[in-house]
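Order-wise, the sequence lines are chains A and B. When the letters of the first sequence are read in order and numbered with the working numbering, they come out as residues 2 to 507. When the letters of the second sequence are read in order and numbered with the working numbering, they come out as residues 192 to 452.
The set of hints was computed from the structure by calculation and includes no laboratory data. Built from N, CA and C at the ideal position, the CB exists for glycine as well. Be a bit skeptical, because a hint or two may be false.
To be verified - The calculated DMTMM-like cross-link candidates involving lysine to aspartate or glutamate, where the alpha carbons are at most 25 Å apart (straight line), are:
hint	chain 1	residue 1	chain 2	residue 2
1	A	391	B	286
2	A	316	B	322
3	A	373	B	286
4	A	237	A	336
To be verified - Estimated spans, in silico, between C-beta atoms of each pair:
hint	chain 1	residue 1	chain 2	residue 2	range
5	A	271	B	423	49 to 59 Å
6	B	421	A	383	43 to 53 Å
7	B	341	A	253	34 to 44 Å
8	B	421	A	274	46 to 56 Å
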Amino acid sequence: MHARRIRATSLRLDVLDEDVPFCLVETGGKGIRITAISKAAAGHGVKVGQPLNDARAICPQLASYPADSRADMEGLKSLAQWCDRYSPSVSLIAPDSIAIDTTGCAHLFGGEAALLQDVMRRLQWMKLTVRTGLAETLAAARAIALFADINAIGDRIVPHGQIAAATNDLPVEALDLCFDIVVLLRRLGLKTIGAVAAVPRHALARRFQSKQAAGDVCLRLDHLYGRRGQAFQPLKPAPLYRARMGCNDPILDIVSLEYGLGYLLNDLVRQLEGDGVGVRTLTLTACRVDGSTRAVQAGLSRPNRNPSHLQRLLKERLEQIDPGEGIDTLILSADAVQVFDPRQKNLDGTSTLKSEETSVLIDRLANRLGAKNVYRTIPVESHIPERAQKPVAVNDRTVWLEHSIKPDRPFRLLARPETISAIAEVPDGPPLQFIWRRIIRRVVHARGPERIAPEWWLQGAADDEVRDYYEVEDTQGHRYWLYRAGLYQDPVRKGPPLWFMHGLFA
Amino acid sequence: MTIAELRKLIVDIENKPAKTPGTTVPGDECLWSFGVDEIDQALPHARLCSRSFHDVSAAHPTDRSSACGFAMALLSRLPGEGDILWCQLVPDAQEYGSLYGPGLHWLGIDPGRIIHVCARSHKDLAWVMEEAVRSAGLRAVLSEGPALNFTATRRLSLACEEAATPCLFVNLNGEAGASAAATRWQVKADVGPGDGEGMSGPGTAAWSISLVRCRGGQPGKWHLHWDYETFSFHMASPVRGGEIFARPADTGDVVAFGRAG
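Using the sequences and the hints, build the whole thing.
Below, the structure is given as structure tokens:
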């Protein structure tokens, strides 16, 4: 049996909550059809799925507007993120429902009824028409939410083990079956879920032509009663560690936000300490009154659970949170954690204090400047100068062995080689004079060439040319590393080879 | 209180080293020097203070890489292990390149020690330097960029002093604005001695450096060479770099002539 208690919220957006009958339409293979209607339109007898022309015949004053299913989905997703305030595990059910796994969360809001009441109140405040249901299985909650005609909140909650009683009278449409099967069931006279469930399984199978259709009905029934598990796909995996704070008065200023952050951090750090882990990715989510969320994230180079360090990292980002009309819930989650013991020593017995200090610094720099702007370099086995080193995370320190240090390499390498015009002896003499960045430089000392052949075994390197590198010094004493791409006496190439500036010496 | 006492008080407040070389500066037990007597004698206590902010400017915009190379070479003479933070602006990295590991070895620095940081704005650059200095995990901080304003240099000086971490700043536009740096150097590339072989390739790096300002020191100007093998500075002939090394081969020895008959 399912231990989870899942509630599905179904909502329909009323764009014009007035007397004007209004509908959203979509152009399909069978002409323009209605996808959503307003209360007023429903009053005139307009139905969803009807062709627009038929609806116009019933209700000539019907206003229509093209549906934007992508924007609807975006809106639903943003609302689902906001529902993070109720539980870390929230899932979208297209096209118009949100499922929340409220297992172990209801007590935070004062019980299930209070939780449902809170959902209704907040969503209605956002001018959304909401239908809710809460049950042990997702299918039951959805059926109640979409098809139960009950107004009292308490009755929308299915008590433990009462699914059958609560759903027996619901129409078969509530089983979430495809249209053809529903039509068939209705033709068989099975108009309610109770009626379908009462038919023995083998008898049910006989009435359908295809085995799959019969299997589908059984599967839906099993989902409904919790006899078979139904997949619940949350928007994002629920974090292992999470702290949540609801605010009685919406937060509007940064001082309160900082205070809230401090409170949440203490809570979160206590959880982390209990399990001996440190956080690698930390997210602060602010749920705003208007149903949207704002989140800021901080990454750490090494696991850490020092509240003051974590607070400093997030504090610099707090100003990126736009409180809008106010923030009513703050959620702090540790999305990635790692085993962490601050008392642990390095393998050589030295204290980690110094590297600890460094990683704290690295976190702060990376969070302000971006992780890719703080790095260390490691050697790469390649003769091509620009490939001989590559950036890695600061903590991945490797030893630069002697063989990765080549003779006569400049200490600065340009981001990309720059074309220069050079006068040089043919075929492989060093340049006597060259122009780089519009200044003529006369060469006094030169050494070379050092020939570097392209790495033809790499993809995309087949067209690279042989480079002849020269180390030259000009009359000012500036020293450059430049190369000639290609050879002068190459029968294949057209025109003389090009010269490039690649590096600078001290 | 006598004038002498007041003077002594000021010296104590400013932590200004007395002008007698050889005495140790409190808290500065590491010996960071050029290894060249002429320059070391011009510095207070014959050493560079390893808990101060030092400014190295390029004499001309084209001397940027020379100034940076000199600063690197100077850092390689700083005793002790630990990471060195290198910070530059993104446009500078695009235009003048960034540090290249395989070539750093020749300046006496292990490329694995370098933590590269790219800052997007001048404000970020100053922030990174100060944060890095204040963090106790680093051995030194080296940064290059357009001149810092006086407040920034003052803040950095104080941070260096508190955290006992040295900071070198390569001032790219070479403007001589107000600065709170303990020493200010100006670096210009010198034509090197060449390697003396047939091709006459470039030899060691050569700089002409001037100590423009130094609290308790003597400003001066020197011509330096860098020895790639021992990672040390050497004085070059002040006339023209390299001539003292390139002694003509056919000079021969002086032979005493015997008295004739």
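Each hint, compared with the structure:
no. : hint                      : result
1   : A:391 x B:286             : holds, 19 Å
2   : A:316 x B:322             : holds, 16 Å
3   : A:373 x B:286             : holds, 19 Å
4   : A:237 x A:336             : holds, 10 Å
5   : A:271 x B:423: 49 to 59 Å : holds, 55 Å
6   : B:421 x A:383: 43 to 53 Å : violated, 30 Å
7   : B:341 x A:253: 34 to 44 Å : holds, 39 Å
8   : B:421 x A:274: 46 to 56 Å : holds, 52 Å
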